[in-house]
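**Q** Spelled out from the first residue to the last, the chains are:
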Amino acid sequence: MSKQVKIATRGLCKSFAGRPVLDHIDLDIMTGESHVIIGLSGAGKSVLLKCILGLIRPDAGSVFVNGENWCALSAEARLSRMRCIGVVFQGAALFDSLPVWRNVAFVLLQQGMAERQARARAEEVLDWVGLPNIADKMPAELSGGMKKRVGLARAFCHRPEIILYDEPLSGLDPVMSDVIITLMTRLHEEHRVTSLTIAHNMNLVRKFADRVSMLYNGKIHQQLPRDQVDQCQDPVFRQFVEGRAHGPMQVLTEKRKGGSR
Amino acid sequence: MRGATPIQSLLLRAGLYPMLFGQMIRRLLRPPFYLRETLLQCEEVGVQSLPVVLLTAIFTGMVLALQSYIAFHRFAAESMTATVVSMSILRELGPVLVGLMVAGRIGAAFAAELGTMRVTEQIDALWTLSTDPIRYLVVPRFLAALLMLPLLVVLADAVGIAGGYLVSIYMLDQNPTTYWNNTFLFLKQIDFYSGLLKALVFGGIISLVGCAEGFYCEGGAVGVGEATTRAVVLSAMSILVGDYLLTAWIFQ
Ligand SMILES: Nc1ncnc2c1ncn2[C@@H]1O[C@H](COP(=O)(O)OP(=O)(O)OP(=O)(O)O)[C@@H](O)[C@H]1O
Ligand SMILES: [Mg+2]
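The listed protein sequences derive, respectively, from chains A and B. Read in order, the letters of the first sequence are residues 0 to 260 in numbering that gives the first Met the number 0. Read in order, the letters of the second sequence are residues 0 to 251 in numbering that gives the first Met the number 0.
One or more hints might be untrue.
[Claimed, not checked] Partial chain B-side listing against chain A, Cβ under 10 Å, derived: (1) THR115; (2) ASP123; (3) LEU125; (4) TYR135.
Calculated from the structure, these hints are not laboratory results. Glycine included, every Cβ here is placed at the ideal spot set by N, Cα and C.
Working from the sequences, and respecting the hints, build out all of it.
**A** The structure is reproduced here in structure tokens:
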């Protein structure tokens, strides 16, 4: 398969109240790749994702999807192209007012597919994420892990080529985390979905990532293929991988000078 | 908007209304239209408001009859009660009271609903599911309010006049035929239509303020609470100010 760039950002900048959060981000995501972005809380990972989706207007720079500059498109043109992307939100973001199956089949229903057919498709995808018989429930009746899986079903129901995940494992137990990773891997392998994932979890990185980028100080600090994650000697990257509070990234303000590192 | 001075943020907030209004008008000119959503909102705004609105209207009519009777009794002009009741309800009390009641119900509901959708990223999710959030959420609510408020006002007018009639006939022993005739004798068409015009404008105000407050809400649960309060207070105040301006304009 030829390695084409699916999503590319060029010189993406965004600051809030004068504080730069993204600082000239250049990122290439290849077709069929699963790319994981890691970084500290508040590093701007969600902002990057929202810039790519057009939910936040970047101060400068552009986003290319399938070679087309989406930042130059009108809102309507952009909406019509959104169908090639599915998004799994951190908090699932299911529509409270709609039953589960209408959530899952949302795009299909909007496209005018007959209700019966759309429902059958929704049930099929719900089955696939391991949630049969919940089509008629309301989102409020579901547990967090179920919501996550319904969110995944909704993102995938219209068969997008690209799926973006915002922290797909946050708030899940280890077993449910593995279920989600398995589903993500299946989408990747069986349906050749290109994906961009925001993650805190090194387990997800080791099992799922083809390439990892670390976002730090508004820049892509490191970009590595998966098999080099554990060999990388960069101190910032090591601190994140090993999960230490002390290191080059200062999270806590130091009380004592010369404390332990 | 964070980190702005109070004046700046006030101006920014004030700018949201014309902005959302403009966005809405642009979307009204071209399909797709969400009929299902619009009908659902019509039910929410119109049908669900009926009990509150009718109860308000009947008691307003009743108290109005009582009060004007007392006033007219002092100079022996009791027969004017009917005219005063019908005219004040049609021109003024019907639209304003319906507007205020609906502002409390619907303005708050719109702001809370859209605000919650905003802070739980449901509005972002709509966008990623290739659905225009303004088209899907705001336009149906706006249309429903524009359509339902005049209808509610017509019903409230009828019920209010009926309330006045009941009190005058059964409590104040007025002659039913004379009362009924006096109710309509001095009315002009403008009395009725000016009320409908007011209702239309109030419907626009309520839905625009409620939707804008919710749609551009930020700051989590606290933000939703503040947006809801602002929606009710602002739309109620705008209704009263707008009512004066409209009345003065119609009066010319
Ligand atoms: N709408 C906004 N207004 C102002 N500042 C914002 C806004 N959105 C994000 N920020 C700021 O941008 C920075 C990055 O936020 P972002 O949500 O991208 O972090 P993140 O990397 O996703 O963190 P986490 O892993 O905790 O989700 C934060 O410091 C935040 O305060
Ligand atoms: Mg985030």
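**Q** The structure should be examined with respect to each hint, and the outcome stated for every one.
**A** Here's how the hints hold up against the structure:
At its closest, the beta carbon of THR115 (chain B) sits 8 Å from a beta carbon of chain A; the interface hint therefore holds under the 10 Å criterion. Taking 10 Å as the C-beta contact cut-off toward chain A, the hint placing ASP123 (chain B) at the interface holds, the least distance being around 5 Å. Interface restraint check for LEU125 (chain B): the shortest CB-CB distance to chain A comes to about 8 Å, inside 10 Å, so the restraint holds. Given hint, TYR135 (chain B) at the interface with chain A, holds; its Cβ is 9 Å from that chain's nearest Cβ, closer than 10 Å.
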